[in-house]
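A.B. asks: Residue numbers (numbering that gives the first Met the number 0), protein chains in the order written: chain A, 0 to 788; chain B, 0 to 165; chain C, 0 to 300.
Honestly, the hints are just simulated from the structure, not real lab data.
Treat the hints with caution; some may be incorrect.
[Said to hold, decoys possible] Examples of chain A residues lying across from chain B (beta carbon under 10 Å, computed): (1) 28; (2) 35; (3) 36; (4) 39; (5) 73; (6) 488; (7) 566; (8) 692; (9) 725; (10) 728; (11) 730.
[Said to hold, decoys possible] Chain B regions said to be covered by chain C (calculated; three or more residues, Cβ under 8 Å): (12) 2-10; (13) 21-33; (14) 67-80; (15) 93-105.
[To be verified] Heads up, simulated DSS-like pairs for lysine-lysine below, C-alpha to C-alpha not over 27 Å straight-line: (16) C:47 - A:702; (17) A:33 - B:75; (18) B:7 - C:54; (19) C:279 - B:75; (20) A:145 - A:179; (21) A:67 - C:54; (22) A:33 - B:83; (23) B:7 - C:61.
Since the model is a prediction, treat every value here as computed from it, not as a measurement.
Here a beta-carbon is modelled for each residue, glycine too, at the ideal position from N, C-alpha and C.
Spelled out, the chains give:
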Amino acid sequence: MSSTSQEQNLLFKEKTLVGVPLQKVDSILKVTGKALYTKDVRLPDMLHAKIKRCPYPHARILSIDTSKAEQIPGVRAIVTGKDFPVQQNEDTPAVAFSEALYANQAVVAVAADQRRTSELALEMIFVEYEPLPWVTDPEIAMTPGKTPTKIVHPSETWYEDPNVGRHIKIRKGDASASFKECDRVIEEKYTTGMVSHFQLEPVTFVAQPDPDGGVSVWATSSGPHKTQYELSRYLGMDADKIRAKVPFLGGWFGSKEECHVAAICAKLALKADRPVKLELSREETLTATGQRHPSVITVKDGINKGGKIVARQIRAIFNGGAYSSLGNNVVINAVLGAVSVYDIPNFHMDCYRVYTNEQPGTPMRGPIGFQIAWAIECQMERIANELGMDPVEFRLKNVLKEGSENAIGELMESISHDKVLEQVTSAMKLNGQGKSSIPQDSTQENKWVRGRGVALSAKWAPGGSPHQAMVRVKESGKVEVWVDVVENGQGIYTGITQIVASEFGIPSTDILLMPLVFGSDSSMSGLSGGASASRQLVNLGNAVLEASSNAKKLMAERASKKLGVPSHDLDVREGRVFSKTDFRRSLKISELFLRAPIVGYRTVASFTEGVEFVGYGTFYFRQGKLDPETGMTIGGRISPFYMSTAQIAEVSVNVETGQVRVEKIVAAADVGVAINPDLAKGQIVGSVCMAMGAATSEELVFKDGKIINANLADYEIPSIFDVPLVIPILVENPLQNGPFGAKSAGEPSMFPTAPAIRNAIHDALGIWVNDLPITSERVLEALQKLREN
Amino acid sequence: MLNETRIKVRFILNGESRNIECMAADTLFDTLRDSLGTMSVKQGCDFGGCGVCSVLLDGRPVYSCLMPTWKVEGSKIETLEGLKGKELMNLDAIQQAFATNFAQQCGYCTPAMILNAKALLERNPNPSVDQIKDALSGVLCRCTGYMPIVEAVMQAAMMRRKKTQV
Amino acid sequence: MRDLELNMVFDPSEVLRPSSFQDAVETLDSSDSKIVAGNTSLYSLARKGRLENIKKLVDISKLGISYIKEAESQTSEEKKILVGAGTTFQEITSSSLINGRPEYAGLKEALNKSPPQIRNVATIGGSICSAVSFYDLPIVLFALGTTLKFFSKKEGEHLITIDSFFQNPALYGKSLLIECQFSSSPNSASSFVKLCRRMSGYAVAMTAARIKLDRTSREIDDIRLVIGAMTKTPQRLNQVEEELRHKEPSIETITRMCEKSADLVHDIIPSVHASTAYKKRVLPILLREAITTAVERATER
């Protein structure tokens with residue numbers, strides 16, 4: 000290779016958008032109010048649907064009388080449980096059939112010309128119920144003898160305990176034997192409450208009957224294919240006849256996994272043979288769709304003299320609500336969250352997802368891992384404190400090292416546990432035992448006391464579902480990208496644009512990202528797992544890279560003859576096909592196209608003979624399984640990789656009222672390579688603020704089996720006055736198999752916030768709060784306890 | 000059965016005179032979205048909690064979901080659709096600052112945030128951070144943690160001040 | 000029984016626009032009419048089926064009750080401000096009659112707790128007539144010893160104290176609130192202290208105080224203390240007031256008296272994330288802060 004061509008190739012390589020804080024490609028749409036959300040979809044002759052819901056936490060449905068409602072002018076369709084194929088026990092039915100298993104479960108739905116006509120129709124539908132015994136406490140629900148076994152569901156046959164939807168076991172070493180030999184054994188119980196995603200756009204669907212007997216659905220959903228396949232099951236309809244579209248999402252965070260609600264909308268549309276819009280109110284979104292699983296987690300640790308944890312036993316119980324939805328599946332995250340940070344030779348874990356008479360638990364930003372991280376990082380602080388060790392030093396002593404194996408047999412690669420801890424501690428000094436070095440506010444007679452606390456966590460990555468992409472190179476050198484990518488605000492449209500633009504060495508304006516135009520559409524693009532679990536940047540990023548490379552290959556083959564260069568020596572960048580060894584041998588992409596007029600018109604169109612320059616790519620990470628007895632992985636790892644994250648929180652606590660003010664949080668996260676650093680930072684800051692809400696104020700509260708605070712006055716998400724100063728730190732430890740080295744950023748920073756705040760409160764006042772949310776009342780109670788002792 | 004009585008209401012929407020008929024129960028939110036197609040007005044809660052339905056009524060922000068349509072007779076209503084500027088791509092300085100400062104993620108609260116910022120800056124061209132927070136306090140954002148939004152309003156204020164100086 | 004619950008759909012058929020107080024109270028005669036003021040809660044409650052069937056909405060904007068002015072006959076000792084019931088929070092908080100005056104500092108604090116969208120529409124009359132204990136403004140108005148001017152069919156225009164209004168708000172359902180009057184005297188000041196979980200949220204507990212210091216002795220000459228979000232309707236703490244009257248407002252005295260307050264309030268109702276016990280514990284603290292702030296403000300004058 001001549002030196003000039005090397006230089007030239009370097010120049011080619013430099014034209015990259017990786018690491019550039021490119022303005023979001025959808026920002027203009029959003030600041031002008033033109034971005035289309037499902038709520039904004041309006042179709043001609045569209046009907047409006049409303050749902051009548053069960054007022055009891057558990058009831059047998061004796062009769063439904065719709066005769067009066069049917070006579071109201073303008074009522075076009077009514078559906079009940081009988082309109083749907085029978086689902087399996089664990090699947091949330093679209094509409095309750097013979098029994099409603101949670102308060103506000105759908106019982107009957109109406110579509111009418113106007114919203115108020117639907118409302119009136121609901122009032123004219125009469126349902127007779129027989130209230131049945133109910134249970135909302137998972138510990139009671141799973142204890143034999145405490146409650147009738149079949150109160151929610153007959154348990155899966157392989158579990159002995161009642162109402163257990165899933166039980167996962169990890170057995171590494173012998174924890175109980177080791178406890179006997181440890182210098183110290185510490186056991187604590189931690190709980191978390193039911194938290195809502197509170198995405199600002201409530202759950203909404205629009206369905207339209209298609210000419211071929213199928214149905215198109217616009218959905219607030221994390222992925223069009225997920226909706227398509229789930230609807231197929233709910234409607235008993237061939238998946239090929241279902242088209243699911245996901246326009247812009249007004250926030251997501253794991254919510255909107257409500258295909259059972261989509262099914263109601265679709266069924267009404269098919270029955271009425273007209274388009275139907277179903278908009279859930281905020282109250283319905285809070286009471287009848289999935290929220291974060293509440294949990295009760297006991298952690299027992301055995302520690303030796305040097306401060307090394309030699310044995311850990313975790314019993315984690317997740318309140319799953321009445322059905323599984325995705326819950327029985329995502330509960331495996333408890334394991335991934337628990338094994339990914341510390342190196343503990345003897346590790347036992349029992350994790351249960353338990354059915355109760357609440358709405359089904361659903362994933363929420365860092366699902367299940369959030370709860371586990373809360374328990375473990377609270378416990379770590381407790382141990383460090385009891386041993387009199389520096390909290391950071393104690394964590395570093397026990398942390399998993401690069402190249403070591405975790406408790407389920409996965410190799411820990413490309414982790415940055417030490418690094419993220421280092422970064423946050425150098426950004427904000429911890430005070431270890433005592434808060435003496437933080438400047439305290441002395442003007443207010445010390446009612447507000449400051450403290451700092453740390454937490455360290457790691458987030459797994461998703462695998463197991465296929466992600467496909469297609470790119471088409473045009474004569475102009477512009478590249479069309481066809482991919483089912485879901486933009487929920489994280490900036491993935493921009494991320495994918497930057498990845499493809501960088502691969503072709505062209506400006507971002509030369510990327511035609513089709514979902515930006517049409518929304519994400521199951522009938523237009525290949526499969527994808529949707530937005531869940533921070534998967535899109537890595538999975539779809541790899542898929543578009545493969546698709547790009549395949550398109551390039553086609554172009555190289557076509558150009559090979561013209562240039563007299565073997566195709567493997569050719570690359571495509573900046574609108575040219577060129578020899579990698581001699582850049583002077585090159586041609587413009589347009590030279591590979593022919594031009595001809597479209598019949599009758601003067602304009603000339605470009606085309607290629609034979610195959611178009613279309614490349615396809617599929618990224619599929621084959622997951623292994625956990626051995627049901629030992630929990631060791633079989634047939635490959637579960638999580639393709641892990642992402643390290645650490646935070647230090649500074650709080651002020653009012654000793655008289657127990658109020659907690661989160662002042663500042665330094666948050667470091669390993670993002671591999673930041674494709675767009677500002678977007679990555681936005682994810683960190685957003686996660687921290689959301690987790691701060693869950694830590695200090697948010698909880699859906701049940702009374703008599705029903706949620707009593709399903710409104711914004713009583714369920715309080717942080718306002719502009721409540722958020723702390725958040726300082727995001729990007730730690731870049733490139734992932735070998737990530738697109739340009741990228742990992743993901745959407746969820747990991749959810750984990751350390753709550754325990755860091757709690758540990759900071761301990762630093763300030765010496766109190767331990769083990770329950771989320773850390774309400775003022777809980778702080779005062781803990782203070783009282785401390786004073787009494 | 001439902002009543003069918005309509006009330007005639009006249010108002011100015013984004014500079015254009017409108018004559019419409021509404022029901023007594025209709026809110027401005029219903030009218031703007033169902034009858035007038037100004038879809039930038041969003042809905043997030045069941046009334047007066049989240050602020051994403053904010054519009055400007057005679058230059059001041061109100062929750063359109065709490066405003067009976069019959070009450071706006073003779074008023075001037077502004078939604079994001081009416082906001083035009085002379086900046087790049089016809090963007091107002093506030094819109095431009097929101098776009099370049101990553102002051103929106105999902106974008107669902109953005110129309111309301113921009114309108115509230117506009118109402119503030121027209122009265123107070125040089126607001127403090129606390130004044131910005133107060134002006135935006137009636138709108139919730141679940142994505143950004145608010146900081147980029149406050150920064151965008153600061154920047155927009157600066158851009159607007161520079162423009163008036165020239 | 001089920002059939003009676005029919006038609007909870009919010010579907011009013013008429014908007015009435017009375018132009019005199021007389022016409023207005025006549026519209027209130029029928030059981031299915033409701034006044035619409037700033038409408039911060041009426042439509043939302045009605046749409047959720049929480050109100051009786053409403054058929055007629057009464058628009059009071061043509062009654063000329065949006066104003067804030069000083070009463071014509073003023074003495075040097077007492078200055079009276081008259082606020083029309085239809086005046087918005089925004090109009091009050093931007094008035095020069097309120098701004099910078101310690102006697103109304105608590106009022107301004109309470110008004111500014113609401114976001115602009117509420118301040119621009121919510122009215123002083125609406126906040127009082129809702130008669131709930133979790134609205135900020137009525138707590139301060141109560142502490143200020145506001146006089147309410149009502150219009151009723153029987154009595155025409157008449158004045159009542161806010162104290163008697165809150166004793167039984169239901170009595171005034173068919174009357175029209177037209178004006179709020181509050182007066183201030185030299186050496187007096189007010190304060191408002193609110194404990195909430197989210198800074199812009201509803202109160203978990205709140206207190207308002209108005210204190211008048213004796214010009215020469217600097218003892219507490221007059222004091223009014225009101226608590227909100229603790230009991231079903233706002234409540235005045237007469238006993239604590241009594242104990243503090245004619246006392247020197249030292250921090251020790253205030254603290255001691257406030258500590259007694261928790262036992263004097265009965266029927267404290269819990270809210271979602273704050274039990275009765277918690278509210279009892281923070282009551283003396285909020286009260287102390289309200290009193291000391293008001294005393295400080297009155298002393299600075």
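A.B. asks: So, for every hint listed, does it hold in this structure?
C.D. replies: Against the structure, the hints come out as follows:
no. : hint          : result
1   : 28            : 8 Å, holds
2   : 35            : 8 Å, holds
3   : 36            : 7 Å, holds
4   : 39            : 4 Å, holds
5   : 73            : 9 Å, holds
6   : 488           : 3 Å, holds
7   : 566           : 41 Å, violated
8   : 692           : 9 Å, holds
9   : 725           : 6 Å, holds
10  : 728           : 15 Å, violated
11  : 730           : 20 Å, violated
12  : 2-10          : holds (count 3)
13  : 21-33         : holds (count 4)
14  : 67-80         : holds (count 3)
15  : 93-105        : violated (count 0)
16  : C:47 - A:702  : 20 Å, holds
17  : A:33 - B:75   : 22 Å, holds
18  : B:7 - C:54    : 18 Å, holds
19  : C:279 - B:75  : 48 Å, violated
20  : A:145 - A:179 : 32 Å, violated
21  : A:67 - C:54   : 23 Å, holds
22  : A:33 - B:83   : 13 Å, holds
23  : B:7 - C:61    : 18 Å, holds
Violated hints, in rising order: 7, 10, 11, 15, 19 and 20; the structure is consistent with all others.
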